[in-house]
Amino acid sequence: MTNTVVKLVFIPAPGMGHIFSAIEMAKLLVNRDQRLSITVLIIKPPNKHREVKAIVVNTFFELETHAINSLSTNISIPPVYPVGPLLNVEAGGGAAGKSSDNDVIGWLEKQPPSSVVFLCFGSMGFFDEIQVKEIANALEHSGHHFLWSLRQPPSDQTSKVPTAYEDPRMIIAGRIFGKDRWNRENHWVGPTSDDMILAHHAIGAFVSHCGWNSILESLWFGVPLATWPIYAEQQLNAFEMVAGLGLAVEIKLDYKKDLFSLKADLVIVSAEEIESGIRRLMEDHELRTKVKEMSKKSRTTVAEGGSSYASVGCLIQDFIRNMT
1 MTNTVVKLVF IPAPGMGHIF SAIEMAKLLV NRDQRLSITV LIIKPPNKHR
51 EVKAIVVNTF FELETHAINS LSTNISIPPV YPVGPLLNVE AGGGAAGKSS
101 DNDVIGWLEK QPPSSVVFLC FGSMGFFDEI QVKEIANALE HSGHHFLWSL
151 RQPPSDQTSK VPTAYEDPRM IIAGRIFGKD RWNRENHWVG PTSDDMILAH
201 HAIGAFVSHC GWNSILESLW FGVPLATWPI YAEQQLNAFE MVAGLGLAVE
251 IKLDYKKDLF SLKADLVIVS AEEIESGIRR LMEDHELRTK VKEMSKKSRT
301 TVAEGGSSYA SVGCLIQDFI RNMT
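Numbering (the UniProt record's numbering), first residue to last: 1 to 324.
The hints are simulated quantities; they were obtained by calculation from the structure and are not laboratory data.
Hints may contain errors.
Stated by the list, open to error - 25 Å max Cα-Cα, derived SDA-like pairs, lysine to any residue:
no. : residue 1 : residue 2
1   : K297      : D254
2   : K7        : F239
3   : K297      : K7
4   : K252      : D128
5   : K292      : G305
6   : K296      : F239
7   : K110      : D128
8   : K27       : P79
9   : K296      : H285
10  : K27       : S70
What the hints assert, rightly or not - Derived CB-CB ranges, DEER-like:
no. : residue 1 : residue 2 : range
11  : V267      : E109      : 49 to 57 Å
12  : A199      : S123      : 15 to 23 Å
13  : E286      : P112      : 16 to 24 Å
14  : I130      : I55       : 35 to 43 Å
15  : E233      : V5        : 33 to 41 Å
16  : S37       : S72       : 40 to 48 Å
17  : E283      : V9        : 17 to 25 Å
Just so we're clear, the structure is a prediction, and the values are computed from it rather than from any experiment.
Cβ atoms here follow ideal geometry from the backbone N, Cα and C, with glycine treated the same way.
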């Protein structure tokens, strides 16, 4: 039994945004039990839902207690294993070492603790010029220092991936604020990712598209979040964080009419709405305390004796029992 190797295949579903979670899950399992050999395949998941023997979710009991209890007590649903948060926090998402990232960290080092508003809408998140102008005006009027991961829309219809501006600071300074009103000491605009930035002590708030990985990262690092969902399941995530858990502030919950389309009709979120959300986020001390408490729970749950740690152990036993 001790020499038996159990070979597993992981297929992230859906693939977009969940590849790193699958890889982190594979690393976690192999580190816990070397009898496991895991291959991660990026393919369309097989349509055999009725044959599912277990459900593994990147969440933790202390965060979604009611949902996990509801699923676990339903006899028609396979066993549920909450194993999260699965985060690549030590490696910084693989982004560390680039000169642009070093510049960002160097800029953050000059800012006071919890003073910077961080805006990041994921690798697929972008806005048109009208919305960018509203965001810029809101940030200027809020008076807070900010770090904005700004991406421009795809350059043509054949490209689906938003790209970085050649010099985003000049885009904002020249076209929106006016060069004479741009203060590089207090603001930074440029492409970056949330997995490395949220760990910095200067970050005091996070305006996010509410991708699940971003939510887990904000909770892990204890950074309060403002919701601005864009597509896919992000509106559901945002609603749960604001209305269900009370762990976020709303900027918008219904930004797109079609949850699953990047081209769905948009509404323009006004500078006033954005500024109001940022101010509430930075000034809500009760929310900040709740998020800090959940941060502690997110770290405790993956440590030995925690609920996710125990769930991973049960999952490994289930694998070995059913495949040997």
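Going down the list of hints, with the structure as the test:
1. K297 to D254: Judged against 25 Å, a Cα distance of about 29 Å means the pair is violated.
2. K7 to F239: With Cα atoms ~38 Å apart, K7 and F239 exceed 25 Å; violated.
3. K297 to K7: It is violated: about 32 Å lies between the C-alpha atoms, which goes past 25 Å.
4. K252 to D128: Roughly 17 Å separates the two Cα atoms, so the pair holds.
5. K292 to G305: Within the cut-off at roughly 20 Å; holds.
6. K296 to F239: Holds, at about 23 Å.
7. K110 to D128: Distance of about 31 Å is beyond 25 Å: violated.
8. K27 to P79: Holds. K27 to P79 sits at ~22 Å (cutoff 25 Å).
9. K296 to H285: Holds, because 17 Å separates the two Cα atoms, which is no more than 25 Å.
10. K27 to S70: violated (29 Å)
11. V267 to E109: 49 to 57 Å: Because 37 Å falls outside the window, the suggested range is violated.
12. A199 to S123: 15 to 23 Å: holds (19 Å)
13. E286 to P112: 16 to 24 Å: With a Cβ separation near 22 Å, E286 and P112 satisfy 16 to 24 Å, so the hint holds.
14. I130 to I55: 35 to 43 Å: holds (42 Å)
15. E233 to V5: 33 to 41 Å: This hint holds: roughly 35 Å between Cβ atoms.
16. S37 to S72: 40 to 48 Å: violated (29 Å)
17. E283 to V9: 17 to 25 Å: Violated, since E283 and V9 (Cβ atoms, about 48 Å apart) do not stay within the stated range.
Hint violations for this structure: numbers 1, 2, 3, 7, 10, 11, 16, 17, all remaining hints satisfied.
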